[in-house]
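Number of protein chains: 2
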Amino acid sequence: MSKRILIMIGPDFEDLELFYPLYRLKEAGFEITITAPWKGKLSGKHGYTVEVDKSFDEINPDEYDALAIPGGRGPERIRVFTREQAIRIVQHFMDNGKPVAAICHGPQLLISAECVKGYRLTSYPGISDDIKAAGGIWVNEPVVVDRNLVTARIPDDLPYWMKEFIRLLLS
Amino acid sequence: MSKRILIMIGPDFEDLELFYPLYRLKEAGFEITITAPWKGKLSGKHGYTVEVDKSFDEINPDEYDALAIPGGRGPERIRVFTREQAIRIVQHFMDNGKPVAAICHGPQLLISAECVKGYRLTSYPGISDDIKAAGGIWVNEPVVVDRNLVTARIPDDLPYWMKEFIRLLLS
Chain A
234 MSKRILIMIG PDFEDLELFY PLYRLKEAGF EITITAPWKG KLSGKHGYTV
284 EVDKSFDEIN PDEYDALAIP GGRGPERIRV FTREQAIRIV QHFMDNGKPV
334 AAICHGPQLL ISAECVKGYR LTSYPGISDD IKAAGGIWVN EPVVVDRNLV
384 TARIPDDLPY WMKEFIRLLL S
Chain B
234 MSKRILIMIG PDFEDLELFY PLYRLKEAGF EITITAPWKG KLSGKHGYTV
284 EVDKSFDEIN PDEYDALAIP GGRGPERIRV FTREQAIRIV QHFMDNGKPV
334 AAICHGPQLL ISAECVKGYR LTSYPGISDD IKAAGGIWVN EPVVVDRNLV
384 TARIPDDLPY WMKEFIRLLL S
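Residue numbers (our numbering), protein chains in the order written: chain A, 234 to 404; chain B, 234 to 404.
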């Protein structure tokens with residue numbers, strides 16, 4: 234059976250950071266579910282819209298094999314609207330060592346879920362201090378893999394991010 | 234040696250239709266050159282910008298193995314600004330049977346280059362009449378492969394389009 238991957242977004246997500254993994258993981262044959270604070274259409278920073286499959290409170294994380302968290306303004310806005318529901322989902326994947334991919338501002342949700350301590354990771358450089366303050370080991374590289382966690386910095390890192398995430402999913 | 238692929242864009246290109254193939258083909262290890270009517274930064278419909286590697290008049294098509302043409306408003310605007318230079322490039326790939334991938338409004342440049350006659354292909358549905366008028370066999374499918382030509386309709390077709398294009402490049 235093909236692996237089921239959850240993509241977690243919030244309002245004003247970074248458009249390429251949603252659509253590149255969405256299309257790339259579909260191309261690789263994975264089954265994708267998009268989850269957000271609420272159902273219906275959600276818009277990215279650049280005006281692309283996407284249909285949300287399930288709201289956070291409808292998600293049973295046991296049913297998914299991996300999690301991807303795009304960046305943009307979504308992660309911070311998730312913290313404002315539905316923080317506890319998002320944390321419950323992120324912690325499930327991190328606690329169980331399931332593959333997690335986060336890019337740009339996506340690692341903000343790893344901070345909220347108290348999951349970065351002792352991990353080597355990257356992010357949008359503007360939040361590197363937050364990651365260090367939370368106990369993470371921040372490095373400035375296009376992609377960083379530490380155990381189950383695959384992180385990247387910006388849209389131009391997308392090809393490296395997905396290459397490593399897919400490698401982890403197929404390992 | 235890795236294959237060299239030319240991506241041809243114009244002003245107001247469809248952002249995902251440039252960046253998905255750009256990142257996807259990089260991920261697969263190909264060498265990419267972005268060409269446009271002029272050098273410098275070019276913006277897509279949704280506001281993403283990209284650095285153009287070479288203007289059309291700097292391109293020697295003999296140096297490339299394949300061509301990809303994203304859609305958006307770019308192809309029509311190329312017709313206005315630098316029609317003859319673009320036609321020269323497109324015809325080189327089609328005349329020599331080198332792989333060509335076009336999506337959305339990208340096939341407008343195949344019409345200008347008088348290359349669609351007898352080909353089975355797809356495009357953005359709004360230009361299907363133009364393709365039929367030019368002698369093409371238009372079909373409404375996510376991706377269509379006919380000999381060296383791989384076509385698709387809209388951004389949601391990107392995973393199918395790139396899967397077939399990469400298959401052709403590696404065959």
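Possibly wrong hints are sitting among the right ones.
No copy labels: a pair is met if it fits in one copy or bridges any two.
[Stated by the list, open to error] In the SDA-like style, the derived pairs of lysine to any residue whose C-alpha atoms are separated by at most 25 angstroms in a straight line are:
1. 287 - 378
2. 350 - 313
3. 278 - 350
4. 278 - 295
5. 274 - 347
6. 278 - 402
7. 331 - 285
8. 259 - 400
9. 350 - 284
10. 350 - 291
11. 278 - 235
Keep in mind that the hints were calculated from the coordinates and are not lab data.
Against the structure, the hints:
1. In the homo-oligomer, the alpha carbons of residue 287 and residue 378 never lie at most 25 angstroms apart, since the shortest distance is 28 angstroms inside one protomer and 35 angstroms across protomers.
2. In this assembly of identical chains, the alpha carbons of residue 350 and residue 313 lie at most 25 angstroms apart only when taken from the same copy (23 angstroms versus 56 angstroms across copies).
3. When the C-alpha separation of residue 278 and residue 350 is checked against a cutoff of 25 angstroms, the pair qualifies neither within a copy, at 30 angstroms, nor between copies, at 40 angstroms.
4. When the C-alpha separation of residue 278 and residue 295 is checked against a cutoff of 25 angstroms, the pair qualifies neither within a copy, at 31 angstroms, nor between copies, at 39 angstroms.
5. In this assembly of identical chains, residue 274 and residue 347 lie within 25 angstroms of each other by CA distance neither inside one copy nor across copies; the values are 30 angstroms within and 40 angstroms between.
6. For a Cα distance limit of 25 angstroms, the shortest separation of residue 278 from residue 402 qualifies neither inside one copy, at 28 angstroms, nor across copies, at 34 angstroms.
7. Proximity of residue 331 to residue 285 under the C-alpha cut-off of 25 angstroms is restricted to the intra-copy arrangement: shortest distance 22 angstroms within a copy versus 39 angstroms between copies.
8. For the identical chains of this complex, residue 259 and residue 400 are neighbours both inside a copy (15 angstroms) and across copies (16 angstroms), given an alpha-carbon limit of 25 angstroms.
9. Taking the closest pair of Cα atoms, residue 350 and residue 284 never come within 25 angstroms of each other, the shortest separation being 34 angstroms inside a single copy and 38 angstroms across copies.
10. Taking CA atoms no more than 25 angstroms apart as the test, residue 350 paired with residue 291 passes in neither setting, with 28 angstroms inside one copy and 51 angstroms between copies.
11. Taking the closest pair of Cα atoms, residue 278 and residue 235 never come within 25 angstroms of each other, the shortest separation being 31 angstroms inside a single copy and 35 angstroms across copies.
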